[in-house]
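Take a look at the letters that make up each chain.
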Amino acid sequence: MKPNVPVEALHTEEMLINMGPQHPSTHGVLRVILRTDGEVVVNARPDVGYLHRGLEKIGERVTYAQFMPFTDRLDYLAAMNCNCAWAWAVEKLAGIEVPERAEYIRVIVSELNRISSHLIAFGSFTADMGAFTPFLYSIREREKVNDLFEAACGNRLTYNYARIGGVSADLPPGFLEKTKEFLDYFEPKIDEYNNLISYNKIFVHRLANVAVISAADAVAYGLTGPNLRGSGVKFDLRRDEPYSVYPKLEFDVCVGTGERGVLGDCFDRYMVRINEMRQSVRILRQAVAQIPEGPVMAKVPRMFKPAAGEVYFRSECPRGETGFYIISDGTVNPFRLKIRAGSFVSMNIFETVTRGLMIADIVAVIGSFDIILPEIDR
Amino acid sequence: MESQALFDAVKAKFGDAALELQDAGFRPAFVVVAPASIADIARFLRDDPAMRFDSLMCLSGVDYKDRFAVACHLYSMSHRHAIGLKAYLPKETPSLPSVDAVWPAANFMERETFDLYGIVFEGSKDLRRILLPEDWEGHPLRKDYKYPESYHGIKV
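In order, the protein sequences belong to chains U and L. With the working numbering as the guide, the letters of the first sequence map in order to residues 577 to 954. With the working numbering as the guide, the letters of the second sequence map in order to residues 66 to 221.
One or more hints might be untrue.
[Stated by the list, open to error] According to the in silico footprint, chain U covers these stretches of chain L (three or more CB under 8 Å from chain U):
| # | stretch |
| --- | --- |
| 1 | 66 to 80 |
| 2 | 121 to 133 |
[As the list claims (entries may be wrong)] Stretch-level coverage of chain U by chain L, calculated; a stretch enters the list once three of its residues show a Cβ under 8 Å from a Cβ in chain L:
| # | stretch |
| --- | --- |
| 3 | 652 to 663 |
| 4 | 879 to 888 |
Keep in mind the hints are simulated off the structure, nothing from the lab. Glycine residues also receive a C-beta, built at the ideal position from the N, C-alpha and C atoms.
Bound conformation, chain U alone (with noise of 0.2 Å):
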């Protein structure tokens, strides 16, 4: 039957909605403000800043190993990356020689985080895409992660564990055994979530051909880490800019490969962060086959103050680069301290790859990323 009205005469106009900030599938407090013709996204422009807390002010604050617990809050998920990379940087502005047991703690804690934050990307994500099951099977794995970190510090999530000069204290009795069997418990679970879902032709159509970023496009907007390595960049400051005991480790840095559609889609950046995670394990083995006995505290006064200077020093987190510009005047406080997190810049771009995607491809792309709200609004 025949429309008694041409199409070109009927009214339609484009909608305004609000997606978040309380809103499951956007990982935290983020707002987007959607601008919709139908299901197809015009325009989705990112409102960050709800979880603004002033880290970099409170930096300027407190000194040097006060500002040791905020790291725990930057990235909840991967606290002891933070953690590390705050003594790292400050180690670096202050010239601190680390003893290389603490060095090789410090690699292992951060690559075990590595595998559970990577644990949470692949089960929220799944999880954002309909499947819940994947989610709890995460869980339970990171749970195991979550055991080793409370014998070592005594904490779950915001472990405050590294100190300007090493570690708080050595690894308990066990603790690399029980590392030992939790990696060949978990080795095999990756394949185990390949069968499960990765290959899943939904999951797939869901993700494949999806916001495309070109490995041009993720260099010049700053892009890092999985995000990054998703479009076939292969860069991995573990690797390219070595830092700590890396140099001594074998690893693979994993790109994507375009397996399912184009290079650089919503697929390669989920494949990315599977991969990793066996890298991880592998990065462990040597880790806990090589550390040496010794002190884990390098001598640190406890009046610090590093020589007047401004420093920029990052690091490989699982949400991308870490960085911390800091400006010492000499005193014990930081007198700039300026955080790039990953997940900040990747939001820079999601406006224009979101452009003329429908809006369930949206909930793809925030899972994509693997944002985490605090860090991006510190």
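Go by the hints and put chain L onto chain U.
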């Protein structure tokens, strides 16, 4: 590329707009430039075959008490070298050209610097407050910032 050679190259191309090289105590070293030329120098650093600084790692504002500064940390993916680019700004009218046309990554960082320091980036494609509410008064990361008593009747 060595920071001195890099500074000399910028100096040869832009003359007096390249002010000084901050080397000792600075990692990475900073090329200090005149604020008005920062976008041109940024474009040169990105496009010159010997430089190729295609990645903007970080852009920060700084309040040095007597003056402001904008510090960019640059990295080259192809040459694997890093450098800082800094421009000092007067306290009264802190403004300089935006670099978001050179590195799109700059947009959010410039918005943040505008939000927390009140530094204006001329020609920016989108300069609004980002972390604080749009009607917030003042710029909290300034050293002389006074904390407000209340916000919309809510005690702070």
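Results of checking the hints against the structure:
1. 66 to 80: violated (count 0)
2. 121 to 133: holds (count 6)
3. 652 to 663: violated (count 0)
4. 879 to 888: Since 6 is at least three, the answer is holds.
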